Amino acid sequence: METRERVLSLFRTGSRNADIARALGIPLGTVSYWRHTDRAKRGQCPGSHRSACPRCDGRSLDDSAYSYLLGLYLGDGHIIQCSGHRVPSLMIACSDTWPGLMDACEAAMSAVFPDNSVCRVRRTGCHNVKVYSKHLWCLFPQHGDGKKHHRPIVLEAWQQRIVDTHPWEFVRGLFHSDGCRITNWTTRTVGGQKKRYEYPRYLFANKSDDIRKLYSDTLTKVGVEWTTLARGSDPFNISVAKKASVALMDAHVGPKY
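Residues 0 to 256 in numbering that gives the first Met the number 0 are what the sequence shown spells out, letter by letter.
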């Protein structure tokens, strides 16, 4: 009872279930159950959760945030529904190397799903930014069985209109998932002497022909020149290296952070 009272006092300070369980060495399920029974006694249990959907209910959608989140989903996201869960979940894998990217992902997810809670699940070297919603199938119809590069990836007309209106957000989302900004170099002979020449380059790599085409088509629409950089016979990389195009990418996308 002493331990339980300590847990309940921590609840009232605003501590999270996972933090309490970790600090006191108590199973998370036990902490969650104690919290639920305490709230039930005080009549504070929430009712059934009903979230509105832009596709089903006509709720407004933050198009800019959605365009960015769509790019992240096509690169590093997946939707699953475990047998024990009532609704599916969307997870975007974000490397711990880029905390700013993780913050941007969480902000976009919260903007697209304002009625749902967004959380971060720790994994080795990364976090899964996660949200549960029964309307994930509505907003991400590209979901299907198997890996993305093994099935067609085609945007619906309403999604394409959003991407056309917010192309840089879509490019930024794809780049944040499967891109990098590097310093490339080559050598030139000037005045009889060989000199090293360095220049920035944006690279995007994805095995899906359809996803690469969505990326390259959007680059073309915003005036960015790009080329395909093959690894052997595999054209998995899209390169942006021309000075003017790199300047556009720097202005609207920038390196990961």
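Hints are computed from structural coordinates only; laboratory data are not their basis. Remember, it's a predicted structure, so these values are computed and weren't measured experimentally. One or more hints might be untrue.
Label-pair distances were calculated between CB atoms; the ranges are [to be verified]:
| no. | residue 1 | residue 2 | range |
| --- | --- | --- | --- |
| 1 | Ser50 | Pro234 | 39 to 49 Å |
| 2 | Gly57 | Leu7 | 33 to 43 Å |
| 3 | Asp114 | Asn183 | 41 to 51 Å |
| 4 | Gln159 | Ala51 | 20 to 30 Å |
| 5 | Thr182 | Gly83 | 42 to 52 Å |
| 6 | His251 | Gly42 | 49 to 59 Å |
| 7 | Asp114 | Arg15 | 14 to 24 Å |
| 8 | Asp114 | Gln159 | 44 to 54 Å |
| 9 | Arg38 | Trp136 | 24 to 34 Å |
| 10 | Lys255 | Val86 | 29 to 39 Å |
| 11 | Ala51 | Gly145 | 28 to 38 Å |
| 12 | Thr36 | Leu228 | 55 to 65 Å |
Only pairs whose alpha carbons sit at most 30 Å apart, straight line, appear in this in silico DSSO-like list of lysine-lysine [said to hold, decoys possible]:
| no. | residue 1 | residue 2 |
| --- | --- | --- |
| 13 | Lys242 | Lys193 |
| 14 | Lys220 | Lys241 |
| 15 | Lys147 | Lys40 |
| 16 | Lys147 | Lys194 |
| 17 | Lys146 | Lys129 |
| 18 | Lys220 | Lys255 |
| 19 | Lys146 | Lys220 |
| 20 | Lys129 | Lys206 |
| 21 | Lys133 | Lys147 |
| 22 | Lys206 | Lys146 |
| 23 | Lys129 | Lys255 |
| 24 | Lys147 | Lys220 |
| 25 | Lys241 | Lys193 |
| 26 | Lys206 | Lys241 |
| 27 | Lys206 | Lys220 |
| 28 | Lys146 | Lys193 |
| 29 | Lys146 | Lys255 |
| 30 | Lys212 | Lys193 |
| 31 | Lys220 | Lys242 |
| 32 | Lys193 | Lys220 |
| 33 | Lys129 | Lys193 |
| 34 | Lys206 | Lys255 |
| 35 | Lys255 | Lys241 |
| 36 | Lys133 | Lys206 |
| 37 | Lys220 | Lys194 |
| 38 | Lys212 | Lys147 |
| 39 | Lys242 | Lys255 |
| 40 | Lys129 | Lys194 |
Backbone N, C-alpha and C fix where the C-beta goes; we use that ideal spot for every residue, glycine too.
Comparing the hints with the structure gives:
1. Ser50 - Pro234: 39 to 49 Å: Once the Cβ atoms are compared, 41 Å apart, the range 39 to 49 Å for Pro234 and Ser50 holds.
2. Gly57 - Leu7: 33 to 43 Å: This hint holds: roughly 42 Å between Cβ atoms.
3. Asp114 - Asn183: 41 to 51 Å: Taking Cβ atoms as reference, Asp114 and Asn183 lie about 45 Å apart, which means the hint holds.
4. Gln159 - Ala51: 20 to 30 Å: Since the Cβ atoms of Gln159 and Ala51 sit about 23 Å apart, the hinted range of 20 to 30 Å holds.
5. Thr182 - Gly83: 42 to 52 Å: Since Thr182 and Gly83 have Cβ atoms about 48 Å apart, the given range 42 to 52 Å holds.
6. His251 - Gly42: 49 to 59 Å: Since His251 and Gly42 have Cβ atoms about 51 Å apart, the given range 49 to 59 Å holds.
7. Asp114 - Arg15: 14 to 24 Å: Taking Cβ atoms as reference, Asp114 and Arg15 lie about 20 Å apart, which means the hint holds.
8. Asp114 - Gln159: 44 to 54 Å: violated, 26 Å
9. Arg38 - Trp136: 24 to 34 Å: Hint holds: Cβ distance 31 Å, inside 24 to 34 Å.
10. Lys255 - Val86: 29 to 39 Å: holds, 31 Å
11. Ala51 - Gly145: 28 to 38 Å: Given about 31 Å between the Cβ atoms, the range holds.
12. Thr36 - Leu228: 55 to 65 Å: This hint holds: roughly 59 Å between Cβ atoms.
13. Lys242 - Lys193: Judged against 30 Å, a Cα distance of about 22 Å means the pair holds.
14. Lys220 - Lys241: Distance of about 16 Å is within 30 Å: holds.
15. Lys147 - Lys40: violated, 47 Å
16. Lys147 - Lys194: With a Cα-Cα distance of about 43 Å, the restraint between Lys147 and Lys194 is violated, given a limit of 30 Å.
17. Lys146 - Lys129: holds, 19 Å
18. Lys220 - Lys255: holds, 23 Å
19. Lys146 - Lys220: holds, 28 Å
20. Lys129 - Lys206: Within the cut-off at roughly 24 Å; holds.
21. Lys133 - Lys147: holds, 21 Å
22. Lys206 - Lys146: holds, 10 Å
23. Lys129 - Lys255: holds, 20 Å
24. Lys147 - Lys220: At roughly 24 Å apart (the allowed maximum being 30 Å), Lys220 and Lys147 satisfy the hint.
25. Lys241 - Lys193: holds, 22 Å
26. Lys206 - Lys241: At roughly 24 Å apart (the allowed maximum being 30 Å), Lys241 and Lys206 satisfy the hint.
27. Lys206 - Lys220: The hint holds at about 22 Å.
28. Lys146 - Lys193: The given pair, whose Cα atoms are some 46 Å apart, is violated under the 30 Å limit.
29. Lys146 - Lys255: Judged against 30 Å, a Cα distance of about 25 Å means the pair holds.
30. Lys212 - Lys193: It is violated: about 38 Å lies between the C-alpha atoms, which goes past 30 Å.
31. Lys220 - Lys242: holds, 18 Å
32. Lys193 - Lys220: Distance ~38 Å between Lys193 and Lys220 Cα, so the pair is violated.
33. Lys129 - Lys193: violated, 52 Å
34. Lys206 - Lys255: holds, 21 Å
35. Lys255 - Lys241: Given pair Lys255, Lys241 holds - Cα atoms ~20 Å apart, limit 30 Å.
36. Lys133 - Lys206: Given that 30 Å is the threshold and the Cα spacing comes to 29 Å, the pair holds.
37. Lys220 - Lys194: violated, 36 Å
38. Lys212 - Lys147: holds, 13 Å
39. Lys242 - Lys255: At roughly 19 Å apart (the allowed maximum being 30 Å), Lys255 and Lys242 satisfy the hint.
40. Lys129 - Lys194: The hint is violated at about 49 Å.
Figure legend: structure checked against the earlier numbered hints; hints not met, in rising order: 8, 15, 16, 28, 30, 32, 33, 37 and 40.
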